[in-house]
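A.B. asks: Next come the chains, spelled out residue by residue.
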Amino acid sequence: MVEMPPSAPALLSLLQLASPALPIGAYSYSEGIESLIHQGQITNANALAHWLTGELARGTIRLEAAVMMRAFRAWQQQDGATLDMWNDWLSAVRDGEELRNQSWQMGRSLLRLVGDLDPAGLAALPDTLRSERCNFAIAFGITAALWQLPQSETILVFLQSWTANLISAGVRLVPLGQTEGQRLLRQLADPLQQASQQIQGLSDDQLFACSWGLSLASMNHETQYSRLFRS
Amino acid sequence: MTAVQPSAILPQAQSWHGQAHLTYQRQGAKTIPLVETQAPLKVQQPFYPEGSQACHTVLLHTAGGMVGNDLLSINISLEADAEALITTAAAAKIYSDHPQQLPAKILGHAQVGPGACLEWFPQETIVFEGAHYHPQWRIDLAPGATWVGWDILRLGRTARGERFVRGEVRSHLGVFQNQQPLWIDPQQILGSEALWSSPQALDECPVLATLAWLGRQPEVAWVNEARACGTDLIQRGTWGVTRLQQGLLCRYRGHSTTEARRWLEAVWHQIRPHYLGRSAVSPRVWQR
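So the protein lines, in turn, are chains A and B.
My numbering puts the first residue of the first sequence at 2, with every later residue one more than the last.
My numbering puts the first residue of the second sequence at 26, with every later residue one more than the last.
Excised from the complex, chain A in its bound form (with noise of 0.2 Å):
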């Protein structure tokens, strides 16, 4: 099969998604990197490369862009009890408070946001997404899917804006340059396309992780003295 560009509507429509000027507050979480800063666990732009590569190459968020994919593909069947699964999957696998606030305050932002610009379009969201509890990954596939995005893209982007989004924790922690962050960004972009290409390939019974330092780091967090970041 030959693969077609998105076109020129599709294109907008996942930059806007994409963008970190999307009002969700994702700049308010560093999902552990503060935490490993302050312990000196990250020190430079090389450490926090390898530390997004691994969790690009095991970590959670392959979970979570995997369940961002069946959201997606629950919200085009307008399969309302499949969403309601994923999302308690998600809310069950998450096993920090912190990250779990975080997925769930981003997730209603974002459904707030798509209810504004359209609010017919939400029409079919289950009742119980629209109380506190969905979680962003699940926003995500649903918002994608409402635009009618195309699948692969979809997830290679809800990846980069992670790993943006992340690298701009990190630029303004570690402390690094513009320009570093930049590059870091540049270098993650064949880890990118390979965790997309295998999260795309999971079977549900395939949805393992291997989130160790994570776990501990949003865990220390928690207790963490002085905090610029909600995670």
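To be clear, the hints were calculated from the coordinates, so they are not data collected in a lab.
Wrong hints could be hidden among the right ones.
Examples of chain A residues lying across from chain B (beta carbon under 10 Å, computed) [as the list claims (entries may be wrong)]:
#, residue
1, R95
2, R101
3, S216
4, S219
Some chain A residues close to chain B (C-beta under 10 Å, calculated; not the full set) [as the list claims (entries may be wrong)]:
#, residue
5, L23
6, E99
7, E223
We put the beta carbon where it would ideally sit given N, CA and C, even for glycine.
Start from chain A and add chain B according to the hints.
C.D. replies: Chain B in isolation, oriented as in the chain A frame:
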């Protein structure tokens, strides 16, 4: 009949399917166990070191360890208001099955009835370098039920210089209440140099330990008690405490099963009054 290739029949011929079905009933003030086992799993006589309401059970693996293609099925059922503490007699060993790489599997299911409490505290599991180990557990909690469990893993025989750069631990634990997942922990440790050395994964630490308590939302003060135990008892390892949905989670990544165990036992002693209203009494088999 033509001879079958030895390599084709070997795993089948050597593999064990051990089983344990443990049912606990509350009769008056006493919890009574009903036990059915199949070798190599056995259960020792029940102990009641803290009075009749809590039954302490020691599971025994008589074959001394698991190899590829071995399976243990463990089914635990606690009827309403029963209280059981289950531990194992010794560390579990998972041997390498090179070159077949078949996994040793555990299939576990626990149902905890209304007001019942199951404590699952097996001794540590030593996964030899190159071994494949796939434990899978599902816990179903009735309303008002409690499950507290820990898992202490040593990856590779460190004393022999093993590093877990080959082999795989793929473990899946799901805790549900009313068919809703409270906590799902799908862990895959696929041995490689990158995974072994990365701070994102093992950070060159051979010991991973987890304690979880599910069944109610812990107060912040209780989380802080568990943290205070960690500050007191852990010198080298990295550790953390957080809240789950209706639960508490402690994780340790370090170099010493003794250090991990000492912390998790201390946390257990701290939290037990919060879910059972009485102090913890360590099983006799731990007193070495």
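A.B. asks: Under the constraints set out in the numbered hints, which ones does this structure not fulfil?
C.D. replies: 5
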